[in-house]
Amino acid sequence: MTPKEIAARYDAKVFDTPAAALEAGFVLTETAEPRNVWNKASAASAIVLKLVDKKSRGEAEEIGLVVESWRVTGCYKE
Amino acid sequence: MMSDDTKQPGSEEPMRPDGSPADSSGTPSPSAIPPAGELAGADAEKAAMVEQAKSRVAAIKESLAAEKPAAAPGAPKPPVKKKEEGPKPTDAANHPLVKKLKKEFGEAIGEAQEFIGQLSVRVTREQIIDVCGFLRDDTETQFNYLSDVTCVHYPEQVEAPFEMVYNLFSIPRNERVRLKVKTDDKAGVESVTSVWPAANWLEREVYDLFGIPFAGHPDLRRLLLPADWEGYPLRKDYPLEFIENAWTERHLPEMTEVQMEQLNQRRGYGLEILSVPQERMMRDIFRGGKEVMPKDK
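Chains P and Y, in that order, are what the protein sequence lines are.
Each residue of the first sequence is one higher than the one before, starting from 1 at the first, in this note's numbering.
Each residue of the second sequence is one higher than the one before, starting from 1001 at the first, in this note's numbering.
It is worth saying that the hints were derived from the structure and are not from the lab.
Treat the numbers as computed from the prediction; the structure is a model and nothing was measured.
Accuracy of the hints is not assured; some may be wrong.
[Stated by the list, open to error] Computed list of lysine-lysine pairs in DSS-like fashion (alpha-carbon distance at most 27 Å, straight line): (1) Lys77/P - Lys1236/Y; (2) Lys54/P - Lys1236/Y; (3) Lys1100/Y - Lys1180/Y; (4) Lys1102/Y - Lys1180/Y; (5) Lys55/P - Lys1182/Y.
[As the list claims (entries may be wrong)] Here are a few chain Y residues that sit away from chain P, every Cβ distance over 12 Å (derived from the structure): (6) Ala1092; (7) Glu1140; (8) Tyr1145; (9) Asn1174; (10) Arg1178; (11) Leu1223.
Just so you know, even glycine gets a beta-carbon here, dropped at the ideal spot from N, CA and C.
Okay, chain P solo, but in the shape it has when bound (with noise of 0.2 Å):
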């Protein structure tokens, strides 16, 4: 799966670049910049699933992913 694909399967937003996330009234989490697709996914995975217990435990109302070329970085607002 690709990390659009894993931010579509857990309901988290796509954004493009950190400042549209900031924009949007999110919050930068952790960053991971992987060297080649499978480990691109595999990040965006952990990023992911920690961000999603976040919000199950209530302590984000929405979740998001910044996909870049080189870098993942998971995103969440309160």
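Go by the hints and put chain Y onto chain P.
Chain Y alone, transformed into the frame defined by chain P:
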């Protein structure tokens, strides 16, 4: 020593099959070249043979074209045949071993499936020791060899996101069975080291990589990773790639500003694809023979 093939000056000249002399280089002597009229005749014969061959090839091509109906331009291609679906797991409730286990343990035995001759039986967490002991000791089963213990993480199954998998083998009966136990990282499962001592390191590995605690394990500590490592790398929420974490911060030197600048420049030019400086630094440390792992106490 000279070879026998070497001709000495004044020795006999090599002869052609037709008896005409030829020099050692293989070029025909002037007397062996046929007259111009004979050459022209040979060329004409060759040309006739080439023409015959060409006409034969043309005839074959025509016959092949006549056999195949010409596809109309733009016509849809014939559908590609789908591959036959592979085998699927089947219910194994009627398997003799499953019946035997259900008779012995009743509700503790859950669903059983068979897939390409491999039997998998789900067992409740509380009964795993009893089931394993029974499978080892019963004369009709004799699963005396614990082949492997592993685990699978299903993060979407919130109540019990981990599934322990025990692969058993019966050496005397040459049979295999796979036991599956659902659990979570708080409750864990009971250790089967009392049934098969070989489970010791296998369970330590599962603890190390998935974080499943094993109650009653004689020496439960990490097996592959450093003792002070944080996190469990085979969980789905753990990224594949090397990341900076508390352990690397404690044990590996930090990147200098110059190194960071170099990294950013290389990334800007798309050069930093195959490795990152942190990884190279780790390799250098290992090559240098420095102690980076804490002593295993």
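Structure-based check of each hint:
| no. | hint | verdict |
| --- | --- | --- |
| 1 | Lys77/P - Lys1236/Y | 23 Å, holds |
| 2 | Lys54/P - Lys1236/Y | 16 Å, holds |
| 3 | Lys1100/Y - Lys1180/Y | 17 Å, holds |
| 4 | Lys1102/Y - Lys1180/Y | 15 Å, holds |
| 5 | Lys55/P - Lys1182/Y | 24 Å, holds |
| 6 | Ala1092 | 31 Å, holds |
| 7 | Glu1140 | 44 Å, holds |
| 8 | Tyr1145 | 34 Å, holds |
| 9 | Asn1174 | 38 Å, holds |
| 10 | Arg1178 | 26 Å, holds |
| 11 | Leu1223 | 22 Å, holds |
In summary, the structure agrees with every hint in the numbered list given earlier.
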